[in-house]
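Asker: Okay, here's what each chain looks like letter by letter:
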Amino acid sequence: MPADSNLEILMTQYQQGDFDAATALIEQLSPQLHRFFLAQLASRADADDLLQETWLRIHKVRHTYRAGEPVLPWFYAIARRVRVDHYRKAIRTVARHQEVDDMSRIATPVVAESGQSGGLTALLAPLSEGEREVIEMLKVEGMSLEEVARARSCTVGSVKQKAHRAYKKLRETMSGAAFRKG
Amino acid sequence: MKDEEIDDVLNEMAKAPQLLKTETLQHLADSVKPSLRPVRPLPPTWVLTGSLVLICAAIALAGAARAGFYGIEKMDLLKRALIFPILLVFALTAGSGFVGEMIPGSRRRIPPSALLSLVIALLAGVFALLFRDYRTSDFFSAGIACLLTGLLFALPAALLAWLVLRRGFAVNPPSAGLVAGTLGGLAGLGMLELHCPNFQAAHVLLWHIALIPLSAAVGAFVAWALRLRSGYSDRARPNGN
Numbered sequence: 012m013p014a015d016s017n018l019e020i021l022m023t024q025y026q027q028g029d030f031d032a033a034t035a036l037i038e039q040l041s042p043q044l045h046r047f048f049l050a051q052l053a054s055r056a057d058a059d060d061l062l063q064e065t066w067l068r069i070h071k072v073r074h075t076y077r078a079g080e081p082v083l084p085w086f087y088a089i090a091r092r093v094r095v096d097h098y099r100k101a102i103r104t105v106a107r108h109q110e111v112d113d114m115s116r117i118a119t120p121v122v123a124e125s126g127q128s129g130g131l132t133a134l135l136a137p138l139s140e141g142e143r144e145v146i147e148m149l150k151v152e153g154m155s156l157e158e159v160a161r162a163r164s165c166t167v168g169s170v171k172q173k174a175h176r177a178y179k180k181l182r183e184t185m186s187g188a189a190f191r192k193g
Numbered sequence: 002m003k004d005e006e007i008d009d010v011l012n013e014m015a016k017a018p019q020l021l022k023t024e025t026l027q028h029l030a031d032s033v034k035p036s037l038r039p040v041r042p043l044p045p046t047w048v049l050t051g052s053l054v055l056i057c058a059a060i061a062l063a064g065a066a067r068a069g070f071y072g073i074e075k076m077d078l079l080k081r082a083l084i085f086p087i088l089l090v091f092a093l094t095a096g097s098g099f100v101g102e103m104i105p106g107s108r109r110r111i112p113p114s115a116l117l118s119l120v121i122a123l124l125a126g127v128f129a130l131l132f133r134d135y136r137t138s139d140f141f142s143a144g145i146a147c148l149l150t151g152l153l154f155a156l157p158a159a160l161l162a163w164l165v166l167r168r169g170f171a172v173n174p175p176s177a178g179l180v181a182g183t184l185g186g187l188a189g190l191g192m193l194e195l196h197c198p199n200f201q202a203a204h205v206l207l208w209h210i211a212l213i214p215l216s217a218a219v220g221a222f223v224a225w226a227l228r229l230r231s232g233y234s235d236r237a238r239p240n241g242n
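Taken in sequence, the protein lines are chains A and B. Residues in the first sequence are numbered consecutively from 12, following this note's numbering. Residues in the second sequence are numbered consecutively from 2, following this note's numbering.
Be aware that a few hints might be false.
[Claimed, not checked] Quick look at which bits of chain B chain A covers, simulated, 3 or more residues with Cβ under 8 Å: (1) 6 to 13; (2) 24 to 34; (3) 41 to 54; (4) 119 to 130.
Simulated from the structure, these hints should not be mistaken for lab results. Even for Gly, the Cβ is constructed at its ideal location relative to N, Cα and C.
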């Protein structure tokens with residue numbers, strides 16, 4: 012994960028209209044944002060679309076970042092909003108056309124399409140949406156409890172609670188898998 | 002299985018090679034290039050919060066100046082010393098909460114619904130202690146008049162607060178609407194406390210305080226409806242899919 016102070020400097024330069032800083036941010040943060048979308052059970056194509064939509068939204072609201080504030084929660088908060096909007100639209104469309112098959116496609120992990128990240132997607136699949144998000148940010152991206160709380164617009168206590176529940180489920184799932192293998 | 006072992010598995014998965022192509026990254030960079038120009042960041046939280054509280058205070062004072070300061074004139078020193086500072090503290094808390102809702106990645110000290118509940122519970126407690134007239138004359142007619150008058154000032158206050166932060170970006174619009182409505186409700190309540198000379202406990206406890214959840218509900222509903230509308234208009238655009 013890129014150092015946060017470096018990201019802060021790049022973000023400030025991006026706000027000043029520096030294209031190199033914008034490119035550097037895109038190169039440094041896109042892989043983890045893409046993985047964030049994949050971990051939320053998005054297909055590869057959906058994750059690509061969501062990433063593009065996220066950068067457009069980030070570009071539009073880049074003035075809302077304030078120097079000195081942590082950068083990652085700002086990016087992830089916007090990414091979450093983009094993802095929520097995307098699935099709301101998808102669900103409405105599916106409901107309107109009453110295509111039940113498509114509905115299951117949205118809710119089912121597309122592990123085969125996700126390549127290497129498919130393992131992570133499959134591992135996190137038994138978790139609820141919120142739990143997946145917390146584990147992804149906390150354990151995979153290495154964000155702090157405070158940063159995750161900021162990104163999810165909730166309290167640190169709520170993040171801790173979700174992480175605790177997620178670990179409980181992961182322990183059960185992984186112990187079950189190990190038992191079946193053994 | 003131990004937590005450390007789960008951590009190890011997750012760390013291994015985090016190291017998995019990325020799926021993004023260089024062309025994709027280049028495409029993303031190219032897509033922001035045409036509109037890349039310097040932007041002015043939002044002012045610090047204290048400036049925005051201060052502006053919101055000033056707007057609410059100005060609306061409450063303007064409303065009371067027009068309708069008459071009968072309420073504050075009738076109040077004793079204890080009521081004045083307790084009610085208005087408490088309203089100010091709540092306005093500062095709601096203002097800072099609203100700023101947080103409009104800036105992605107802000108620290109959230111208290112969830113909007115908890116803030117609303119806290120404001121209602123504490124105000125009800127303070128009002129129950131201060132107002133001891135238990136008569137209920139003109140309960141409905143006087144109450145509805147106060148509620149509507151309060152709303153008449155609460156909604157413009159919430160709207161102005163939204164306008165002050167129009168450059169912000171609400172990651173959860175209904176939640177932001179709820180806090181804006183709470184802030185507007187506090188402005189409306191401030192106006193009522195300055196103006197309304199009806200000190201019957203039931204009147205103050207029910208009709209004055211009801212203004213806050215009502216205004217918060219209107220704020221949340223409007224924000225929810227606007228998000229729904231923007232979702233539909235996105236879909237209507239040729240590239241909105």
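Asker: Indicate, hint by hint, whether the structure satisfies it.
Answerer: Hints, one by one, checked against the model:
| no. | hint | verdict |
| --- | --- | --- |
| 1 | 6 to 13 | holds (count 6) |
| 2 | 24 to 34 | holds (count 8) |
| 3 | 41 to 54 | holds (count 4) |
| 4 | 119 to 130 | violated (count 0) |
In terms of the numbered hints stated before, the structure departs from hint 4 and from no other.
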